[in-house]
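Enquirer: So you can see what is in the structure, the chains are spelled out below.
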Amino acid sequence: MVKADNSTTMLTVFEGVSLSYSPGQKVLDDVTFALPSGGFYFLTGPSGAGKSSLLRLMYQAEKPSSGRIYLFGHDLTYARRDELPLLRRQIGVVFQDFRLIPHLTALENAALPLRLAGADEDYLQRHTKELLTWVGVGHRTEAYPSELSGGEQQRVAIARAVVNKPKLLLADEPTGNVDDETAIKLFHLFDELNKMGTAVILATHQHNLVERFRKPALRLSAGHLTSLASSARVGEV
Amino acid sequence: MAIPTKLFAPCFRHQKLGLFLIIMVGIMVYVATFAMSAEATLSAITFTWDRGMHSRLTVEIPATDDESSTPQTDRVQQVVSVLHAMPQIATVRPLPDDEVTRLLKPWISQPELLKVLPVPTLIDIERKPDSLLTAEDVRQQLKSIVSDVRVDDHTSWLSDLNNLVDGLTLIAAFVILLTGITLIIAVSLICHAIIATEQETMSLLHVLGATDDDIAHHFLIHTRRLSWPASLVGFLLAMASTALLLYFLRHFADPSMLEWSHWMVLGAMTFLVPIIAVIIASLAAKTSVLKLLHTMP
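Top line first, the protein sequences correspond to chains A and B.
Just so we're aligned, residue 17 is where the first sequence starts under our numbering, counting upward by one.
Just so we're aligned, residue 97 is where the second sequence starts under our numbering, counting upward by one.
Read the hints as simulated data drawn from the structure, not as lab findings.
Do not take every clue at face value.
[What the hints assert, rightly or not] Below 30 Å or equal to it, Euclidean Cα-Cα: the simulated DSS-like pairs (lysine-lysine) are:
hint, chain 1, residue 1, chain 2, residue 2
1, B, Lys211, B, Lys201
2, B, Lys102, A, Lys181
3, A, Lys79, B, Lys211
4, A, Lys183, A, Lys79
5, B, Lys102, A, Lys145
6, A, Lys183, A, Lys201
7, A, Lys145, A, Lys181
8, B, Lys112, B, Lys387
All values derive from a computational prediction rather than experimental measurement.
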């Protein structure tokens with residue numbers, strides 16, 4: 017895997033990145049930005065602006081049609097397929113629709129990344145239970161997703177995203193399916209995670225939350241990056 | 097193991113795909129095992145016949161009702177004496193009447209008829225090993241005593257039988273090959289169906305850091321777990337069918353003529369079929385899943 021000299025200190029760098037799902041229809045168009053490590057960033061914009069696509073590029077669920085993406089200093093353009101799992105294990109992802117596996121318990125769902133990384137069973141059980149307790153669902157470890165409320169499911173999903181202590185947490189509209197009170201609690205949770213050293217990029221269209229937490233924000237509109245709010249904390253490419 | 101065992105279990109239950117896999121493996125193992133064991137049985141029978149008949153000739157002395165000629169018992173005695181005197185012949189054995197009756201029984205069912213019919217006397221002779229003595233040589237030697245003597249060589253019909261068994265062996269090999277290919281295709285289709293319905297789970301596992309090999313290995317383990325009992329049932333049913341076949345063929349060959357080592361080889365070859373079927377099914381699952389995963393990001 018190629019390491020970019022100019023991006024080793026950066027969390028991620030996008031250089032003229034475009035993404036098309038079909039010819040002539042660009043979901044992202046010439047997006048360029050750089051984010052320093054360890055920060056908390058909002059990714060805002062209306063529905064269909066390309067927020068989810070940008071996150072998908074970061075966790076390598078998509079490959080860019082053009083441009084270059086650096087993550088933790090690695091050029092993803094040249095990443096081999098067998099290198100991707102190790103990179104992905106440094107990223108936690110929280111989805112709007114939680115994506116918990118219905119026939120696994122909360123504990124089994126949350127522990128999945130540790131299992132995939134081949135963690136010791138004792139450590140896996142103990143650490144995952146502690147984490148579920150920390151996110152507020154320690155009393156529901158043996159419950160299946162269908163037995164949990166939307167807020168509880170999202171907390172399990174957050175636990176799963178951070179269980180193997182990732183460098184970066186990507187959250188795609190994590191509060192889209194929960195009430196406002198739960199949304200604020202979840203935001204506080206993300207903030208705490210960030211203070212513990214995990215960089216957070218949180219995609220949302222809820223302006224009230226963005227303004228309330230006063231974090232740097234990237235704004236997307238129709239596939240274009242239109243602003244880097246609080247740019248003093250956002251690196252220049 | 098990286099991925100929890102129960103992660104994909106519901107995928108295999110979905111639309112009874114696991115059940116379909118079990119039935120397919122069971123049928124394929126049954127067909128392949130039966131084809132192999134039936135072929136082995138036929139080969140064994142031919143082998144016993146071949147070994148029993150290859151060095152033998154049958155002398156046939158027609159019955160005579162002409163009272164002026166030498167009596168039948170004297171003619172037989174003279175023929176036996178001449179045969180004993182021939183250095184290339186190892187044994188001479190006139191067939192007793194009850195054995196001739198037994199041989200003729202399928203064609204003449206009423207025993208009373210045998211008493212009135214001119215039944216020939218049969219003499220079984222065995223040539224010495226590496227003897228070049230032919231049926232014609234023997235006939236020439238006996239012609240002076242019994243002008244209408246017949247000497248039968250079994251090589252001709254044994255050769256036809258061997259050709260038939262060789263043909264059946266080829267067909268059995270083809271059937272086994274075909275079942276193997278069908279098994280691979282069936283398992284691949286099942287895996288395609290599971291991946292198609294569980295694409296979101298596969299994407300999630302990738303996002304969580306699972307390698308293609310992790311996921312494919314999990315399919316291998318599930319396929320192996322489902323295939324074992326199916327394979328065993330198919331094998332046992334095939335063995336039962338083979339036992340039935342042996343029972344029906346019991347009048348045509350004596351299995352005790354085969355040495356135990358020969359039976360051991362046949363048994364080992366047959367027992368390998370279900371093991372190989374499980375290995376093929378498991379590897380087919382892993383390979384097809386790996387191929388499919390490579391088409392995903």
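Enquirer: Do the alpha carbons of lysine 79/A and lysine 211/B lie within 30 Å of each other, as the hint requires?
Expert: violated, 95 Å
Enquirer: Take a quick look at whether lysine 211/B and lysine 201/B sit within 30 Å of each other, Cα to Cα.
Expert: Judged against 30 Å, a Cα distance of about 13 Å means the pair holds.
Enquirer: Verify the proposed pairing of lysine 112/B with lysine 387/B, using a straight-line Cα cut of 30 Å.
Expert: Given that 30 Å is the threshold and the Cα spacing comes to 23 Å, the pair holds.
Enquirer: Is the hinted pair lysine 183/A and lysine 79/A satisfied, with a Cα-Cα distance of at most 30 Å?
Expert: holds, 21 Å
Enquirer: With the threshold set at 30 Å, check whether the alpha-carbon distance from lysine 145/A to lysine 181/A stays at or below it.
Expert: Given that 30 Å is the threshold and the Cα spacing comes to 14 Å, the pair holds.
Enquirer: Need the status of pair lysine 102/B, lysine 145/A: alpha-carbon distance at most 30 Å?
Expert: Satisfied, since the Cα-Cα distance of roughly 20 Å is no more than 30 Å.
Enquirer: Would you mind confirming whether the straight-line C-alpha gap from lysine 183/A to lysine 201/A stays at or under 30 Å?
Expert: Holds. Lysine 183/A to lysine 201/A sits at ~22 Å (cutoff 30 Å).
Enquirer: Would the hint linking lysine 102/B and lysine 181/A be met if the CA-CA limit is 30 Å?
Expert: Holds, at about 25 Å.
Consistency note: the structure conflicts with earlier hint 3 alone.
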